[in-house]
Amino acid sequence: MTTIIEVNNVSKSFGGVVANKDISLSVQKGSITGLIGPNGSGKTTMFNSIVGYHPIDSGSIKFEDKEISKMMVPEIARLGLLRTFQQTRIYGEMNCVENMLISQPHRKMSLRDAFNKNTKADYERADQMLEFVGLYEKRFLQSGSLSFGQQKLLEFAMALMNEPTCLLLDEPTAGINPTLINGLIDRLRRANSEFGITLFIIEHNMRVIMNMADHIYCLAHGEMLAEGKPEDIQSDQRVIDAYLGAH
Amino acid sequence: MTIARPIFYLLLVAYIVAAPFLFPDYRTQLATLWLMIIVALTWDMTGGQMGYNSLGNIFFYGTGMYVCAVIGIGIAHPIAEYTNAAGGGIYKFTDTQYFLGVFLGIIGAGVFCSICAVIIGYFTFSLRGPYFAIGTLGVAIAAGELVSNWDWVGGGQGIALPVYPGDLDNGKIFFYAMFAVTGVILFLFLKWMYKTRFGAAINAIRDDEEKAEAMGIHTLRYKLTTWAIAAFFVGVVGGISAYQLIHFEPLETAYQTINLGIFMVVCVLLGGKGTLWGPVIGAIMFQVFKEVTWNYFLGWQWVALGALIVVTVVYFQDGLMGWLKVVKPEWFGIRVEKTDDGSAA
Numbered sequence: 313m314t315t316i317i318e319v320n321n322v323s324k325s326f327g328g329v330v331a332n333k334d335i336s337l338s339v340q341k342g343s344i345t346g347l348i349g350p351n352g353s354g355k356t357t358m359f360n361s362i363v364g365y366h367p368i369d370s371g372s373i374k375f376e377d378k379e380i381s382k383m384m385v386p387e388i389a390r391l392g393l394l395r396t397f398q399q400t401r402i403y404g405e406m407n408c409v410e411n412m413l414i415s416q417p418h419r420k421m422s423l424r425d426a427f428n429k430n431t432k433a434d435y436e437r438a439d440q441m442l443e444f445v446g447l448y449e450k451r452f453l454q455s456g457s458l459s460f461g462q463q464k465l466l467e468f469a470m471a472l473m474n475e476p477t478c479l480l481l482d483e484p485t486a487g488i489n490p491t492l493i494n495g496l497i498d499r500l501r502r503a504n505s506e507f508g509i510t511l512f513i514i515e516h517n518m519r520v521i522m523n524m525a526d527h528i529y530c531l532a533h534g535e536m537l538a539e540g541k542p543e544d545i546q547s548d549q550r551v552i553d554a555y556l557g558a559h
Numbered sequence: 015m016t017i018a019r020p021i022f023y024l025l026l027v028a029y030i031v032a033a034p035f036l037f038p039d040y041r042t043q044l045a046t047l048w049l050m051i052i053v054a055l056t057w058d059m060t061g062g063q064m065g066y067n068s069l070g071n072i073f074f075y076g077t078g079m080y081v082c083a084v085i086g087i088g089i090a091h092p093i094a095e096y097t098n099a100a101g102g103g104i105y106k107f108t109d110t111q112y113f114l115g116v117f118l119g120i121i122g123a124g125v126f127c128s129i130c131a132v133i134i135g136y137f138t139f140s141l142r143g144p145y146f147a148i149g150t151l152g153v154a155i156a157a158g159e160l161v162s163n164w165d166w167v168g169g170g171q172g173i174a175l176p177v178y179p180g181d182l183d184n185g186k187i188f189f190y191a192m193f194a195v196t197g198v199i200l201f202l203f204l205k206w207m208y209k210t211r212f213g214a215a216i217n218a219i220r221d222d223e224e225k226a227e228a229m230g231i232h233t234l235r236y237k238l239t240t241w242a243i244a245a246f247f248v249g250v251v252g253g254i255s256a257y258q259l260i261h262f263e264p265l266e267t268a269y270q271t272i273n274l275g276i277f278m279v280v281c282v283l284l285g286g287k288g289t290l291w292g293p294v295i296g297a298i299m300f301q302v303f304k305e306v307t308w309n310y311f312l313g314w315q316w317v318a319l320g321a322l323i324v325v326t327v328v329y330f331q332d333g334l335m336g337w338l339k340v341v342k343p344e345w346f347g348i349r350v351e352k353t354d355d356g357s358a359a
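The listed protein sequences derive, respectively, from chains Y and B.
For reference, each letter of the first sequence is one residue, going 313 to 559 in the numbering used here.
For reference, each letter of the second sequence is one residue, going 15 to 359 in the numbering used here.
Chain B on its own, in the form it takes in the complex (with noise of 0.2 Å):
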């Protein structure tokens, strides 16, 4: 095991390092494959971690998108003028303003996403169980309508930014790495951060938070942090798929409430909420299903996925790594007071 672990982690990088050239066609898929592990992890830092079921974070990434995009083309041309020419002029942007503009960008995106959770958690944090989930679900739907009513970040056109500049294949692998870098620190910062006594308050929360407010836990500070960290991470990932799909409009792509922002709470149900692996897993797991069914099965594609929603949600709710610590509780370090017939009390 202790040599065993060093191992199996120098693999993994060496697999995220070479993956998109040794499928040089799945570019895209594995870029968003860590779209899907990103966005499962953060959604398990409160729906897993600390018991607050968010339907609203699918908000951090349409924001993140409309942010980045906005600093992106900012830097270089006034905006109403670049959303208003809706494709029909020609904004040149030279290579060092598209890179600064990514980069400033996704910073930005992801710093704003986070004060806007801070706010958004002060009003919503004092609503419980699927309380907070209705009303974080009512600010995403809420936001991509104002949105598309903006005329100002295109409205329901949405935003058309500047290509990769050079080689287009390069540039799907600059994405991949873009996302493969942003997951490892995910998910890195996630494996230390669960470690501190940050990480057993929010477990706290979760478990009982009358009990953790009594034992004088800040749990409202808590919360708020937890989801700032999370909305950051969302809004970086919204920031570099707005760069990677070129254009987005606001309903269907930015804030895509049914269809990522249902898929993040599918994958961490099916890899296991509250456990480190189980949303990365259970992201592998639903994105190979989600693919494997549109390529194969085209026209049943959606009541497949629906079908697998509904089966995880009503059969498999504690998802594989849940189910897992049922079998084989050992492997998680569990023990439980053995009665004299030998089942747990």
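Just chain Y, same shape as in the assembly (with noise of 0.2 Å):
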């Protein structure tokens, strides 16, 4: 396996508070990869500084053996490392379909290409990434108008409909249904041996993550505390009194 996303001894403070402190981490291609850990423990500012949210005190951060510390936002969504966010964030007022459309890959776009209307085939990408979220019925809705946990579902398939390499989700199930929870895992495993998209994923709901992720990494306080498989995660007394707040 190669390693697709590479931290090296990343840091980030926020005036006075280390968000991040020496943090090293990597993510296999192909994998499932967690990032866990107590609430401010940094796992989002991890993420932030991965896809160029903000600059980096020090460190290094790869995307494909490529440096992308210095890149912005978009150049490095470009390059197919993408995120969703933890307070979902879609175009609230446009239909589910056009929400879809919008988030075509355009990476591959010239500008002459952007004033083209889309055509038949992107349309029916649309819908069956609709469909394999399970919002085909609802596609004509307004997407504002949709449940949190729908609008969430959204935000995963117009992520999918981007094409990424790698897909950094912060919290996919957080605010979903329980009921429907079982049927987002199963699609984010089908994400990842279908259509080949390594996944990052931060969570919070234990049997979710440990159900998944092939490789977990613990942070706590912004400092990197264990890592390992989940059954090793499980059984780590540090990362058991990092949740029960024995720190």
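Be careful, since some hints might not be right.
If the Cβ cut is set under 7 Å, some of the chain Y residues that face chain B in the computed set are [unchecked claim]: (1) Arg390; (2) Arg451; (3) Leu453; (4) Leu458; (5) Asn474.
Hint data in this document are derived by calculation from the structure and do not stem from the laboratory.
Glycine included, every Cβ here is placed at the ideal spot set by N, Cα and C.
Dock chain one against chain two, each of which comes alone in its own frame, and use the hints as you go.
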């Protein structure tokens, strides 16, 4: 297996708050990797650093052996490294199909291409992806009127539409009806196995992440606390202490 | 609906062609109406469709006037000498020189304004919301002041252009036709553009620019392109206006930030931001209101206009189309998720 994301000794502070301190991690191509940790442990900051949302203080971040720590958000996204947001972000005034069509990969699109209308194939792909996440029946509804869980599914479908090589998901199951979670796990797995998308997931739901991930990193207080296979992490005393507040 | 639509457009075109002959006394007002429609439509490209409220689009109007004048005069006479004469000398233009000047002038004005938009946009598009509005307003005001101190283009006196050769009534029809053709081209272009991926992308920038960036959309490229297209058309109508008005000066006519610069925003707000027809309808409403108050409430016209602006901005921000969207969402193909109590979630 080759490494797709390689983070080396990355630190990031906001004023006096050290959000990430000397963090190193790597995500293998084609894997599902988890990132866990108590609230405020620096998981989202790590994600933001990777996708270029803010500059890092020190260290290096590589995506497919290319240094990306100095690049801007859209450039990184065009490389095929995409993220979804913890607070779901969709274009609320458009319907689901329009949301999907906008999410087509613009990395292959020249300015001239952009001045074309969407092709039949684009519409079909949008419908397929909406079918995949189970929103096909609701595809002509204004997306802002969907429930929070459905909006999350839509955001996931939009990310898939973009044909990323690697997808960073910030708490994909948060706010989703527990009865739908199994369906979502199944879809995430299929996105990984069928579409070959590498997944890097922040998740608070332990059942979900332990079920899915091949490898897990655990952060606490902005530092790397532990890493390993799900079963190792589950039994790691430091992780348990961090979650229960023994620190 | 299928048959009604072509008939509607056919009648519209017939009316556009016939209007200056049906109302021969109002030719200038009708031409001004087209000007309003065009600046409103172009303002809406960034303000309504892309979420960037520019107060500086008037910069392109003024710059278009000057570029067009400089080209139009320049092909026949040395400019410094011409402007220095300030109307005192006699400079003759042949018919060919006149029409060639108009034609080359408005094209040149459009192209030059597009280039300006790319350069100014490169620096100002990092500003968001009200900061972008103020930043672009600053550019327009500064440009007016700079040009009014630039003697080569006539300084504070402005430039007097040659008068339309031939019958002046025909001249009015000529300028009406210039504005109308530009307006129809712009409308058809936008009607098509808003349906392309590009149109969808600028809507995405309006709705959530951060998300658009995170999805890899070339946000800066699309923003600059949109503004450059808008600037092209504003520059073109600036050029036409220059020849229509014959004489213009920098602060009150060309870079008229407090008049046309604000009117175009009010037109769009009245009609409804982010829609194709909104700016057109808004411009018509505004122009009618303006002409009526100027005729029947002289002395109070600015008060009435100010009241209209205040009421629009405070109570009627979504405009006519925005209001219709709420009342009749099905007309716009908007469907929302129904919850059990029947209201939107």
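Worksheet item: Taking 7 Å as the limit, does the beta-carbon of Arg390 (chain Y) come near enough to a beta-carbon in chain B?
Response: Check passed: Cβ of Arg390 (chain Y) comes within 4 Å of chain B, closer than 7 Å.
Item to complete: Would you settle whether the hint for Leu458 (chain Y) is holds or violated, based on the nearest Cβ-Cβ distance to chain B being less than 7 Å?
Response: Since chain B brings a Cβ to about 5 Å from Leu458 (chain Y), closer than 7 Å, the hint holds.
Worksheet item: Given Arg451 (chain Y) as an interface hint, is the shortest Cβ-Cβ distance to chain B below 7 Å?
Response: violated, 10 Å
Worksheet item: Against chain B, with CB atoms and a cut of 7 Å, does the hint on Leu453 (chain Y) hold up?
Response: OK, holds: Leu453 (chain Y) within 7 Å of chain B, min 5 Å.
Discussion item. So, as I understand it, the hint says Asn474 (chain Y) touches chain B; can you test that by seeing if any CB pair is closer than 7 Å?
Written reply: Cβ of Asn474 (chain Y) sits 6 Å from chain B, so the hint holds.
In this structure, only the earlier hint numbered 2 is contradicted, and the remaining ones agree with it.
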